[in-house]
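Visitor: Sequence:
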Amino acid sequence: MKPSTILPILILLFPQALAATDYQNAMTCGQRFPRINGAIEKFCYKKNTSGVVTNDLVIPSAYASIGSMFYGLRGNKLVVQITGQCSPAQWVPAQWCLSQFHEMCAQASHPLGWTWRNYGNYGCQRFEIKGG
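Once you know that position 66 of the sequence shown is 67 in the numbering used here, the rest is easy, because the numbers rise by one and skip nothing.
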């Protein structure tokens, strides 16, 4: 196969691989921390005032830094949020938001699921699952 035909095939397969990996991480997260999984979905599927899902999450923004607050199984307050001082502001597509948070949740070593990671250009996006 010519190298010029391999790249388009790999590009076509990448979204499918990402979706399969995200599915596995979402399942693991849901089994370990069901309420965190629900908060991730609520946060990443941002809705406008009419209740319609938008795909316009940017960092920094008030929505992202406030995040989604919820209560864990033990009654502990938890927050899913993205903070940072990206300049210019960086868009976080809903699918990337979901896949990054699901991976973090699935791999969290803290017994309550708390964790954080930096993403984005120069690591200016800080994804967090933490106590509130």
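Possibly wrong hints are sitting among the right ones.
[What the hints assert, rightly or not] Here are the computed lysine-lysine pairs in the DSSO-like style, where the Cα-Cα straight-line distance is at most 30 Å:
no.	residue 1	residue 2
1	Lys-48	Lys-131
2	Lys-47	Lys-131
3	Lys-78	Lys-131
4	Lys-78	Lys-48
5	Lys-43	Lys-131
6	Lys-78	Lys-43
7	Lys-78	Lys-47
[To be verified] Pair by pair, the computed Cβ-Cβ distance ranges are:
no.	residue 1	residue 2	range
8	Asp-57	Trp-117	16 to 26 Å
9	Ser-110	Val-53	15 to 25 Å
10	Lys-131	Thr-55	22 to 32 Å
For the record, the hints were derived by calculation from the structure and aren't laboratory data. These figures come from a predicted structure and were not determined experimentally. Even glycine gets a Cβ: it sits at the ideal position worked out from N, Cα and C.
Visitor: Hint by hint, say whether it matches the structure.
Guide: Do the hints match the structure? See the list:
no., hint, in the structure
1, Lys-48 <-> Lys-131, "holds, 22 Å"
2, Lys-47 <-> Lys-131, "holds, 19 Å"
3, Lys-78 <-> Lys-131, "holds, 9 Å"
4, Lys-78 <-> Lys-48, "holds, 22 Å"
5, Lys-43 <-> Lys-131, "holds, 16 Å"
6, Lys-78 <-> Lys-43, "holds, 16 Å"
7, Lys-78 <-> Lys-47, "holds, 20 Å"
8, Asp-57 <-> Trp-117: 16 to 26 Å, "holds, 23 Å"
9, Ser-110 <-> Val-53: 15 to 25 Å, "violated, 37 Å"
10, Lys-131 <-> Thr-55: 22 to 32 Å, "holds, 25 Å"
Hint compliance for this structure: hint 9 alone is broken.
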